[in-house]
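Novice: Chains as they are written, first to last, in full-length UniProt numbering: chain A, 1 to 289; chain B, 1 to 243; chain C, 1 to 344.
One should not assume that every hint holds.
[Said to hold, decoys possible] Quick list of in silico lysine-lysine cross-link-like pairs, DSS-like style, CA-CA up to 30 Å:
{"id": "1", "chain 1": "B", "residue 1": "187", "chain 2": "B", "residue 2": "10"}
{"id": "2", "chain 1": "B", "residue 1": "156", "chain 2": "C", "residue 2": "193"}
{"id": "3", "chain 1": "C", "residue 1": "193", "chain 2": "B", "residue 2": "187"}
{"id": "4", "chain 1": "B", "residue 1": "68", "chain 2": "B", "residue 2": "187"}
[What the hints assert, rightly or not] Label pairs and their calculated CB-CB ranges:
{"id": "5", "chain 1": "A", "residue 1": "125", "chain 2": "C", "residue 2": "278", "range": "26 to 36 Å"}
{"id": "6", "chain 1": "A", "residue 1": "274", "chain 2": "C", "residue 2": "146", "range": "28 to 38 Å"}
{"id": "7", "chain 1": "C", "residue 1": "146", "chain 2": "A", "residue 2": "71", "range": "29 to 39 Å"}
{"id": "8", "chain 1": "A", "residue 1": "254", "chain 2": "C", "residue 2": "178", "range": "28 to 38 Å"}
{"id": "9", "chain 1": "A", "residue 1": "184", "chain 2": "B", "residue 2": "222", "range": "49 to 59 Å"}
{"id": "10", "chain 1": "A", "residue 1": "125", "chain 2": "C", "residue 2": "289", "range": "33 to 43 Å"}
{"id": "11", "chain 1": "C", "residue 1": "289", "chain 2": "A", "residue 2": "59", "range": "45 to 55 Å"}
{"id": "12", "chain 1": "C", "residue 1": "166", "chain 2": "B", "residue 2": "129", "range": "36 to 46 Å"}
{"id": "13", "chain 1": "C", "residue 1": "190", "chain 2": "B", "residue 2": "186", "range": "40 to 50 Å"}
{"id": "14", "chain 1": "B", "residue 1": "124", "chain 2": "C", "residue 2": "181", "range": "30 to 40 Å"}
{"id": "15", "chain 1": "C", "residue 1": "135", "chain 2": "A", "residue 2": "127", "range": "27 to 37 Å"}
{"id": "16", "chain 1": "A", "residue 1": "184", "chain 2": "C", "residue 2": "83", "range": "51 to 61 Å"}
Calculated from the structure, these hints are not laboratory results.
Every residue, glycine too, gets a C-beta built ideally from N, C-alpha and C.
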Amino acid sequence: MDFASILAIEILGSIAILVLISIGLAVVFGMMKVINMAHGEFIMLGGYVTIFGTTHAGLNIWFCILVLSPLIVGLVGLVLEWLVVRHLYGRMIDTMLATWGLSLAIVGLMTMLVGNTTTGISTPLPSVAIGKFSTSGHVFFLIALATFVIIALACLFKFTTFGLTARATTQDANMVANLGGNPRRIYAVTFGLGAALAGLGGGALAPIIGVIPTIGITYIAKAFITVISGGATVIAGNLAATSLFGTINQLFTYWYTPIIGEVALLVCAVILIRLLPQGITGRFFKGTI
Amino acid sequence: MSDNIILQTKGLGISFGGLHAVRDVDFVLRGGELRCLIGPNGAGKTTFFRLLSGQHTPTRGEIIYKGKPLGNLQPYQIARLGIGVKTQVPSLFEGLSVFENLELAANQTFSGLEAVSIVDETLERISLQDQRHTICQELAHGQRQWVELGQILASKPDVALLDEPAAGMTHDESLKTIEIIKEITAKSSVVVVEHDMDFIKLIGERVTVFDRGEVIADGTFKEIASNPQVREAYLGRKEAAVA
Amino acid sequence: MKNPVLNISSLVGVIVLAFAIPYFVEAFTVLNFTVYIIMAILSLSLAFVWGMGGIMVLGHSAFFGLGAYAYAIAAVNFGPGWEAVTLSMLVPATFAALLGYFMFYGRISDIYVGVITLAVTLILFNLINSTSGPQYKIGSAPIGGYNGITAVPTLSWPNGNFIDINGMFYLSVGLLILSYLFIRYYLSTRYGKVTVAIRENERRAELLGYNVAQSKLITFSIGGAIAGLAGCMFANWGSFVGPTIFGLVQSAQIIIWVIVGGRGTLIGPILSCIAIQWMTTQLGMQQVVNVGFVLGIVLTIFVLLVPSGLAPLLAKIPNVVRSRLNGKPKEDVALGSPAEEGQT
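For reference, chain A alone in the conformation it holds in the complex (with noise of 0.2 Å):
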């Protein structure tokens, strides 16, 4: 009963992790058809922020994953949407190659910046104790901001004005300008949310594992094949492929080794993709967000 509830307790941590690094390019690719390649460097810099807050300049842990790192990285965002970005709106190849382009070139400025090392901080969380096994504390605070993240943006989308304009951006960006909207506007404040998530999830997943120039490569490729996974429904599409995925990877990562278990939710991607080229929400929960 223990070990199930610790099996129960990885898997949901293993799901929060895949919301927190994919859900800022979910929101992305939902709102504009982007497929940000640089998402995996915006989750490194969200990490670097908040390991250099807390070890140069002595803040707060909390107040550098919950804030600052959202903050900084979502600036980054909005700097590069107005440089890059905006220029290759409708041109869903030119943008990827654009980005992955960034994305190479901040991986390469960090690298300069900082060196080619892995820094870390610790988690102030004590380890939690069930039974004879026990887990890290931090999984805990990973479920909880994970599922406020998604309640947030939920409502965000749902009951804001900026919420309604974004759909109706997403839907028609012509009707919108001609109705007075600035479609425009909403694009750019739409990546730099995404960017701004990548940060805080960034920041969140510092405390446990090595950040160091490189690390992003570790997560585009999830956080790209959750989303296409999921639709274009981001919130209902990335809940869906998320749980189906996070369960597979912490399942096979039980079984044989993480590596395999990495291995495990790449191939059944992979297989979803062809069997529903829509996406998860292209077939089912249509009409949600």
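Given the structure of chain A, go ahead and fit chains B and C onto it with the hints provided.
Specialist: Showing chains B and C alone in chain A's frame:
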């Protein structure tokens, strides 16, 4: 089976969501025939063509081609059986030359020198000899339509489905287009979709009228033009469509 | 490049130049140039699949890596002979065919083809990376995990002579020219013409009766085989293969070569691959600016400002010069369509 039927549909229909874009269409085309298909916008003409060419799968009914049901064949398989399509919006190999566009069509039916001579002949028919090496995206609109008709001429299908071959053309260009269509009819049975009544009148062949996904009338241009149901379908929603 | 006399004379020029190079530079430089040439074969293979066939493969390094590993494992097992070389092309081609069947017959859209190929190369990277124990071996070849396979037996000339540094260079140049000529030949055949037609308009090709999925599958497999050949040469060059050849950085580089050289041309990506690698080596010698940083900026700038790459621009220079000399207005030639040089 009655004589010389090349293409026939029986109760053919397709719906998207709750909308019946095409319903219960019984249509018969005979060998060597040139048939016009008219109807107001949204009548289901283009969808009907897409069903015939395999771009949509019918939800009801069947298509019988040369006495055999087409079943669920892929568009390329249907094309290989001899059904050629000119789509509504000109759809060409934009970055390739006029010659290459026609060659790709001719290669499907012919090979080697025969294909090349057919391309040369086609270039002459569509009056684009001087543009043989021009990249298609640099052509004028009317010329692009002709290249697509040229692809039909060069591949010599048994049935040619032409969706609005004269759309956006000047009067002179339309006359030339009718000439090309008559050339195509020499080798193929042809169905022409058009909503410009003047053009239909110029062709002067048997007409089938579509409205809201159904066939509502069938006959000569004169019969059609005086048919009250047809006048209602056109005039009811679109004044002055019948000139 | 449509003039056959010009074609043949430039080919002869390239061969003469290539054979002269080792007489004028040091052995170290020849060694460097050899790897540039090997990578140019890889670049050519993506120029064919993506630039000509319009199939956007983001993880093309998968086939390069499979070729290199197939050669290395076969060479350890059966010795470095024609079997190993054949397998280095056959394994990635077969893999491409299977993956292509899955993608093209499933009618997966362009963007997902890119993402799936990317995921596949990461899967391979993860898999190979995790096989470092002695229990992971194929035949008598340990896969070696992140350490890779060292001391890969290298090829000899058919008469049994050892292939020295210059010999390796000549062999690479020869294979590059052969691959180029093969692709040019293929594109001039009935099947090859369909490859480009599909890039231009998939639906039209289908309505003319061409089996688009099958044609894409063939294009993809040929590209995989040529990338595998490059992998085979790479394994021979360093007598080593490691999992980083499956990595994203490797995939990104191939894409940069093709974008900078120009999609829709074959010569462009070959030349840009050589030039960019030369630049990368020069940059690598100084420690100030990170190479990845420069390459990333180059990729972004080209996509934004020069999306059709350098080859179409360079091809216009003679026209521009001629029109200046004749005093013609500039608009005639300055901005033609990028597709105008589609067959360069």
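Novice: If a hint holds in the structure, say so; if it doesn't, say that too.
Specialist: Evaluation of the provided hints:
1. The straight-line distance between the Cα atoms of residue 187 of chain B and residue 10 of chain B is roughly 25 Å, inside the 30 Å bound, and the hint therefore holds.
2. The straight-line distance between the Cα atoms of residue 156 of chain B and residue 193 of chain C is roughly 20 Å, inside the 30 Å bound, and the hint therefore holds.
3. Between residue 193 of chain C and residue 187 of chain B the CA atoms are separated by roughly 26 Å; this keeps the pair inside 30 Å, and the hint holds.
4. With a C-alpha separation of about 21 Å, the suggested pair residue 68 of chain B and residue 187 of chain B falls inside the 30 Å cut-off, and the hint holds.
5. About 52 Å separates the C-beta atoms of residue 125 of chain A and residue 278 of chain C, a value inconsistent with the hinted range of 26 to 36 Å.
6. Taking 28 to 38 Å as the suggested C-beta distance range, the pair residue 274 of chain A and residue 146 of chain C conforms, at roughly 30 Å.
7. In this structure the supplied range 29 to 39 Å holds for residue 146 of chain C paired with residue 71 of chain A, their Cβ-Cβ distance being about 37 Å.
8. The beta-carbon spacing between residue 254 of chain A and residue 178 of chain C, approximately 50 Å, falls outside the hinted interval of 28 to 38 Å.
9. At about 56 Å, the CB distance of residue 184 of chain A to residue 222 of chain B agrees with the hint of 49 to 59 Å.
10. For the pair residue 125 of chain A and residue 289 of chain C, the supplied restraint of 33 to 43 Å holds, since their beta-carbon distance comes to about 41 Å.
11. Take residue 289 of chain C and residue 59 of chain A: their Cβ atoms lie about 31 Å apart, and the range 45 to 55 Å is violated.
12. Restraint check, residue 166 of chain C to residue 129 of chain B: a C-beta distance of roughly 53 Å breaks the suggested window 36 to 46 Å.
13. For the pair residue 190 of chain C and residue 186 of chain B, the supplied restraint of 40 to 50 Å is violated, since their beta-carbon distance comes to about 27 Å.
14. Taking 30 to 40 Å as the suggested C-beta distance range, the pair residue 124 of chain B and residue 181 of chain C conforms, at roughly 35 Å.
15. Range check, residue 135 of chain C to residue 127 of chain A: about 33 Å between beta-carbon atoms, so the 27 to 37 Å window is met.
16. Against the hinted window of 51 to 61 Å, the Cβ-Cβ separation of residue 184 of chain A and residue 83 of chain C comes to about 59 Å, which satisfies the hint.
Against the hints set out earlier in the document, violations occur for numbers 5, 8, 11, 12 and 13.
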